[in-house]
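Using the sequences and the accompanying hints, generate a full structural model.
Number of protein chains: 2
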Amino acid sequence: MPTLYLHKETCLSNIQNMYNKARDHGLSFRPHCKTHQSAEISSWFRDYPVEGITVSSFRMARYFASAGWKDILIAFPFHPGELDELKNLADSCKLSILLDTPAALPFLNQLSHPVDFYLDIDTGYGRTGIRSGNADLIQQILKKSDTNPRLTFKGFYCHAGHSYKASDRKEQDSIHLKALHDLGTLKEQFAEYGPRVLFGDTPNCSIQENFSGIDEITPGNFVFYDLVQHSLGACSPEDIAVALECPVAGKYHHRMQILVHGGGVHFSKEFLVKDGHSIYGRMVDSSAGSWLPGKADYWLNGLSQEHGILDADEDLFHRLNIGDKLLFLPVHSCLTANLAREYRTLDGQRIENIHSS
Amino acid sequence: MPTLYLHKETCLSNIQNMYNKARDHGLSFRPHCKTHQSAEISSWFRDYPVEGITVSSFRMARYFASAGWKDILIAFPFHPGELDELKNLADSCKLSILLDTPAALPFLNQLSHPVDFYLDIDTGYGRTGIRSGNADLIQQILKKSDTNPRLTFKGFYCHAGHSYKASDRKEQDSIHLKALHDLGTLKEQFAEYGPRVLFGDTPNCSIQENFSGIDEITPGNFVFYDLVQHSLGACSPEDIAVALECPVAGKYHHRMQILVHGGGVHFSKEFLVKDGHSIYGRMVDSSAGSWLPGKADYWLNGLSQEHGILDADEDLFHRLNIGDKLLFLPVHSCLTANLAREYRTLDGQRIENIHSS
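Chains as they are written, first to last, in my numbering: chain A, 251 to 607; chain B, 251 to 607.
None of these hints come from the bench; they were simulated from the model.
Put simply, identical chains are the same to the list, so a pair is met inside one copy or across any two.
In silico lysine-lysine, DSS-like type, Cα no more than 27 Å apart, as pairs:
{"hint": "1", "residue 1": "Lys-501", "residue 2": "Lys-404"}
{"hint": "2", "residue 1": "Lys-524", "residue 2": "Lys-415"}
{"hint": "3", "residue 1": "Lys-501", "residue 2": "Lys-437"}
{"hint": "4", "residue 1": "Lys-320", "residue 2": "Lys-404"}
{"hint": "5", "residue 1": "Lys-420", "residue 2": "Lys-271"}
{"hint": "6", "residue 1": "Lys-271", "residue 2": "Lys-258"}
{"hint": "7", "residue 1": "Lys-501", "residue 2": "Lys-394"}
{"hint": "8", "residue 1": "Lys-393", "residue 2": "Lys-501"}
{"hint": "9", "residue 1": "Lys-394", "residue 2": "Lys-575"}
{"hint": "10", "residue 1": "Lys-415", "residue 2": "Lys-501"}
{"hint": "11", "residue 1": "Lys-393", "residue 2": "Lys-404"}
{"hint": "12", "residue 1": "Lys-501", "residue 2": "Lys-337"}
{"hint": "13", "residue 1": "Lys-337", "residue 2": "Lys-575"}
{"hint": "14", "residue 1": "Lys-344", "residue 2": "Lys-393"}
{"hint": "15", "residue 1": "Lys-501", "residue 2": "Lys-428"}
Only a predicted model underlies this, so the values are computations on that prediction, with no experimental measurement involved.
Below is the structure:
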């Protein structure tokens, strides 16, 4: 069956590079763990002065707390269905949550342990958060939360995820600069609270060099990168640290296609559009203890539950045999990794994740 | 966190209806278990004369074999990486595999127990299989396989999955009739082998009434159905037997949107296009012990890893509060179910699946 391979050296180098970037810009580094979801991979950050991590669910928070992390930000707006989990986990661990509405506050009166919170700020992505110009709403939440002795305002959090939709570098820069501007304005407006500013999706943290006003970055995908990040200029193909190994199961000469065992339950259905066609993965050549982008580009152009369809040419078609194992870079490594129950390093070591039973 | 609810009565009724349809047409019924991937749900078929099941991977075959199934078809072209698993499992269970190339045959000389095979036939889908007109290739495989005493040819298998791409009923009918015609021709051409013909994706098995020449149907999705099946006319919304419960985590009046906890790691990223927009789920109203399509249509119009964005109107917006739990019908129930670690029935019973640990 398909196996998700991890290029450990590339992953370690991605971690080192992002740590260096944070350090060189005087930023704290609170890596997001939603991409790898692995206690062992999170432990590779401990070689650096990394104290806190970011996750996107209470399930992940529990998992990483039991792996020894003591300072965890749950970067999803808190809602009351999570109150019991929050109370339980805050007993053993320093937890931070996101808020973007005063409606969540009454539930937090039931806390029995201290919890920090960040206000989630929307600088234009339009997924979650208080619009950055809405200082009244921020003031309202801060005033109301001030009456809760267990709840401490720490600062502002922003995921400028519209960086993923930018069509060119100019638009990327414009999204980034607007976020810096808006967050800087809030930092000044609410200076009396000494707010920290947390920022940083992988494209912005990889591409940009101006982090003026930011205190801490929270990227996640950079540990592995993927074809989406490459398409955004955030990484080179050589930086992509995971590849799904799929056996060849069929050859169809009349349509010059190869069937591989590797489908939507392995890659996810995330796609990129290339020359008007959806693509789900890019083939790379295995090489001694590593992999390399091939001389020609070969793409998975179709996926169903267990099936992947690879477009070939005469050369590739005749080189491949039933049973050969091919490696594919994923379109979106977070979703591909979420579908795997473990990673394998190129020297055969098994690395567990949250789904390993 | 999001919970996948199973409407057990609807699921039982879907099973009953498909069984009745098979019986009324004189067909054997070998349900595909890739949608539910649950030993308990598979046991609901035992009330009928259902002896054999279909799965799409060796992992599923092992799981259902250990749940007591003794006759399992693995409906994915066999490749040599699976030889050891095949040898192990064929020891305890009657296994059938699919073949579509003579290149797989030499590996099967190592079998130590009998295994049946079906030839995978492509009537136009273009995913796997021998093109239905290619009798020479069929002859070649049969001749070669005949020298292997452990390997027995049982017949032809066809998944006419292009039924999912048909734009109207006329095209659906045409795909179906071509499949019947091509399979009927092969049955005659290879009559000396007394081949059985296995056929039947969920749209064809749900919509069509002509199964001339078919011996056995193998649909899977019909246990749950989903929005894709509804869009194809294969079911009504009331037939959809799973819904993902997602808590409300944010409200954004300026864009009339609701944030729910329910993202790509819960629904999958499968989408339908509605009025030019991608949609990822349809809201239904909870009702005493059941759910009902709402009076108005509300759709999830965006998904990221953990986040779902629901388009609201003033009425819905003001009715909903942070923490409320909403139910959504999935676009593709196979992929949504694959992401769940269990089902919950509406009376709170837990139903395990292959991922339950």
